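Protein chains: 2
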Amino acid sequence: MSIVVVGSVAYDTVETDHGGAKDALGGAASYFAVAARFFAPVSVVAVVGRDFRPEHERIFTDRNIDIRGLERRDGETFRWHGRYHEDMNRRDTIKLALNVFEGFQPKLLPDQERCDFLFLANISPELQYWVVSQVRSPKVVAADTMDFWINNARPALTKLLGKLDILTINDEEARLLSGEQNLVKAGRAILKMGPKTVLVKRGEYGVLQFSREGMFAVPAWPLEEVIDPTGAGDTFAGGLMGFLARHGRLTETVLRTGVVYGTVLASYVVEKFSLDRLLQLTWEEVDQRYRGFIELTDSHHSRWISPS
Amino acid sequence: MSIVVVGSVAYDTVETDHGGAKDALGGAASYFAVAARFFAPVSVVAVVGRDFRPEHERIFTDRNIDIRGLERRDGETFRWHGRYHEDMNRRDTIKLALNVFEGFQPKLLPDQERCDFLFLANISPELQYWVVSQVRSPKVVAADTMDFWINNARPALTKLLGKLDILTINDEEARLLSGEQNLVKAGRAILKMGPKTVLVKRGEYGVLQFSREGMFAVPAWPLEEVIDPTGAGDTFAGGLMGFLARHGRLTETVLRTGVVYGTVLASYVVEKFSLDRLLQLTWEEVDQRYRGFIELTDSHHSRWISPS
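Protein sequences appear in the order of chains A and B. If you count the first sequence from 1, position 92 lands on 93 in my numbering, and the numbers rise without skipping. If you count the second sequence from 1, position 178 lands on 179 in my numbering, and the numbers rise without skipping.
Everything labelled a hint here was simulated from the structure, so no lab data went into it. It is possible that some hints are incorrect.
Unchecked claim - The list that follows gives simulated cross-link-like pairs (lysine to aspartate or glutamate, EDC-like), each with its CA atoms no further than 20 Å apart: (1) B/K186 - A/E253; (2) A/K23 - A/D67; (3) B/K186 - A/E272; (4) A/K186 - B/E205; (5) A/K193 - A/E253; (6) B/K186 - A/E56.
Claimed, not checked - Here are a few chain A residues that sit away from chain B, every Cβ distance over 10 Å (derived from the structure): (7) K23; (8) E173; (9) K186; (10) R203; (11) L209; (12) E226; (13) R257; (14) Q289; (15) E296.
What the hints assert, rightly or not - Distance ranges between label pairs, derived from CB positions: (16) B/D93 - A/R91: 53 to 61 Å; (17) A/P156 - B/I95: 43 to 51 Å; (18) B/R115 - A/R91: 33 to 41 Å; (19) A/P156 - B/R64: 50 to 58 Å.
Predicted, not measured: the structure shown is a model, and the values here were computed from it. Virtual Cβ for every residue (Gly too), placed ideally from N, Cα, C.
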């Protein structure tokens with residue numbers, strides 16, 4: 002089954018203590034789409050400027066990612082410039098230029114309105130809600146959000162939450178949204194706001210999943226080096242939604258396996274700048290780290306069992 | 002098979018934002034022994050003063066914990082007074098009085114010298130080494146340490162590491178001991194210093210296990226409230242070593258299951274001050290949370306499988 006992702010396609014400039022990238026392909030929809038494409042067909046709905054380069058368009062078209070919904074408008078592509086601290090959990094935004102993204106009014110094509118899986122990357126909850134309204138009978142609607150919308154668009158966000166099967170949110174944002182410092186209380190409180198599943202992203206500490214069936218805790222894949230954490234959350238969401246779309250149903254088992262695949266994809270993307278590692282990644286590597294992950298977390302140290 | 006634990010028995014005064022405890026039973030050996038006793042016979046080797054109260058002695062004797070090695074000396078029992086921050090990962094020591102613990106010279110009884118499982122709680126590495134030298138042919142020797150010894154007794158600690166099957170150490174101490182900021186690098190570096198298994202304790206984020214067989218990652222049990230984190234690490238070690246002693250062999254499967262039982266015991270002890278929760282704890286509760294833990298971390302959401 003196919004997936005529609007609505008969000009940003011951007012050019013990122015990233016600085017870290019050990020190097021950087023300049024005007025590299027970024028944006029939530031880019032990371033999501035390339036990750037999800039390992040599992041299922043993906044349509045990208047986003048906007049770029051006249052400066053968007055053919056080689057970046059080919060990243061999508063080479064993978065048969067549908068970009069009929071990648072609108073081109075007069076002006077420049079969304080640009081973000083950030084610098085990571087030595088502790089990579091912290092970063093400062095040096096410059097943010099929304100450019101053509103400012104007037105983004107995502108309109109789905111007729112076939113996209115009939116999609117089964119929809120991911121609303123981090124855009125305003127008003128726009129996210131407007132997109133949900135265009136989709137006829139989705140199987141799974143998932144969304145991401147951020148502190149800015151929690152602080153400045155809470156009524157719209159609250160309205161959106163009632164429409165969601167899955168909300169992905171990081172730990173600090175979960176505390177902000179719920180008003181609860183304790184993460185277990187926070188996750189359960191957000192569950193009551195509407196989403197059927199809440200996925201709290203904890204960076205290097207992994208993901209806590211809250212659903213009516215209970216909790217699921219997964220560590221992150223232990224990495225010896227993180228080069229660039231940008232896009233890890235969207236790559237996680239891409240791997241997860243991709244796996245769900247491939248299986249077509251949302252059972253607890255499928256959901257948990259999807260969370261593990263999402264974690265695996267995210268663990269790869271941070272190994273290089275921009276989407277570089279994702280673009281080299283083979284299915285064999287995904288499969289290998291997935292098996293490694295089962296081994297890493299298997300408290301009975303039993304042999305690997307096929308998830309299918 | 003039986004366990005010998007060598008370490009402190011103390012009186013703790015603890016302050017938190019939501020209450021406290023005054024002159025409550027504490028000390029690494031106390032937490033360890035009561036936790037380990039859920040699984041196997043335990044002997045405590047420690048020293049207390051003349052002020053050590055009969056009701057605290059009965060905590061051990063009521064559980065058939067062997068305290069022939071609990072020496073009584075003239076003077077006062079080791080006392081620690083600490084205050085936890087709102088963020089319970091941080092605490093300040095307000096007062097520390099070693100008292101009779103200062104002259105602690107642990108000498109094992111003849112039958113203790115033949116023990117199979119030895120846990121060296123956080124005392125000076127010189128003393129830890131001296132205790133190891135008394136044991137004839139142990140199956141498993143495990144030890145804990147802290148930043149003070151890493152900074153001030155590194156040669157003795159290095160000598161000890163070569164004698165260890167298991168080292169338990171928290172994340173910051175693992176960084177300090179190895180000189181590596183990245184925890185995966187730190188764990189692997191410490192493994193090369195001698196211990197067959199390194200267990201890096203990450204508080205609310207669980208445990209990372211490093212061994213020749215690879216890595217094992219377990220989250221902590223997600224709690225809605227933590228009342229008093231004191232003794233969590235020693236309770237973890239007690240549950241782990243207790244499980245290992247019950248099974249009598251140190252395979253990767255037994256080790257991983259032991260780490261989960263240790264995590265379960267530790268998740269209970271922080272629910273109340275001092276050893277209070279541990280003293281009320283039933284085997285049924287341990288078993289229930291163990292099953293809950295398997296469910297929490299099972300990426301295939303399969304039914305619970307007996308660890309035996």
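Here's how the hints hold up against the structure:
1. Only pairs whose Cα atoms come within 20 Å are accepted, and B/K186 paired with A/E253 is rejected, the gap being roughly 34 Å.
2. Restraint check for A/K23 and A/D67: not satisfied, since their Cα atoms lie roughly 26 Å apart, outside the 20 Å limit.
3. Between B/K186 and A/E272 the alpha-carbon distance is near 15 Å, which keeps this suggested pair within the 20 Å criterion.
4. A distance of roughly 14 Å separates the Cα atoms of A/K186 and B/E205; the hinted pair therefore holds under the 20 Å criterion.
5. The straight-line distance between the Cα atoms of A/K193 and A/E253 is roughly 18 Å, inside the 20 Å bound, and the hint therefore holds.
6. Of the supplied pair hints, the one linking B/K186 and A/E56 is violated, its CA atoms being roughly 37 Å apart against a limit of 20 Å.
7. Every CB of chain B lies more than 10 Å from the CB of A/K23, the least distance being 26 Å, so the non-interface label holds.
8. With a least CB separation of 13 Å from chain B, A/E173 remains clear of the 10 Å interface cut-off, as annotated.
9. The non-interface label for A/K186 is inconsistent with chain B: the shortest C-beta to C-beta separation is roughly 5 Å, within 10 Å.
10. Annotated as non-interface, A/R203 brings its C-beta within 10 Å of a C-beta of chain B; the closest such distance is 8 Å.
11. The claim that A/L209 lies off the interface is violated: its Cβ sits roughly 7 Å from the closest Cβ of chain B, which falls inside the 10 Å cut-off.
12. Some Cβ of chain B comes within 10 Å of the Cβ of A/E226; the nearest lies about 7 Å off, and the non-interface call is violated.
13. Not every beta carbon of chain B lies more than 10 Å from that of A/R257, the smallest distance being close to 5 Å; the non-interface claim is violated.
14. Every C-beta of chain B lies more than 10 Å from that of A/Q289, the closest at about 13 Å, which supports listing it as non-interface.
15. Listed as outside the interface, A/E296 is inconsistent with that label: its C-beta sits roughly 7 Å from the nearest C-beta of chain B, within the 10 Å cut-off.
16. In this structure the hint that B/D93 and A/R91 lie 53 to 61 Å apart at CB is violated, the actual value being about 25 Å.
17. As the Cβ distance of A/P156 to B/I95 is approximately 47 Å, the hint placing it in 43 to 51 Å holds.
18. About 53 Å separates the C-beta atoms of B/R115 and A/R91, a value inconsistent with the hinted range of 33 to 41 Å.
19. Evaluation of the 50 to 58 Å hint for A/P156 and B/R64 yields a pass: the beta carbon distance comes to about 57 Å.
Against the hints set out earlier in the document, violations occur for numbers 1, 2, 6, 9, 10, 11, 12, 13, 15, 16 and 18.
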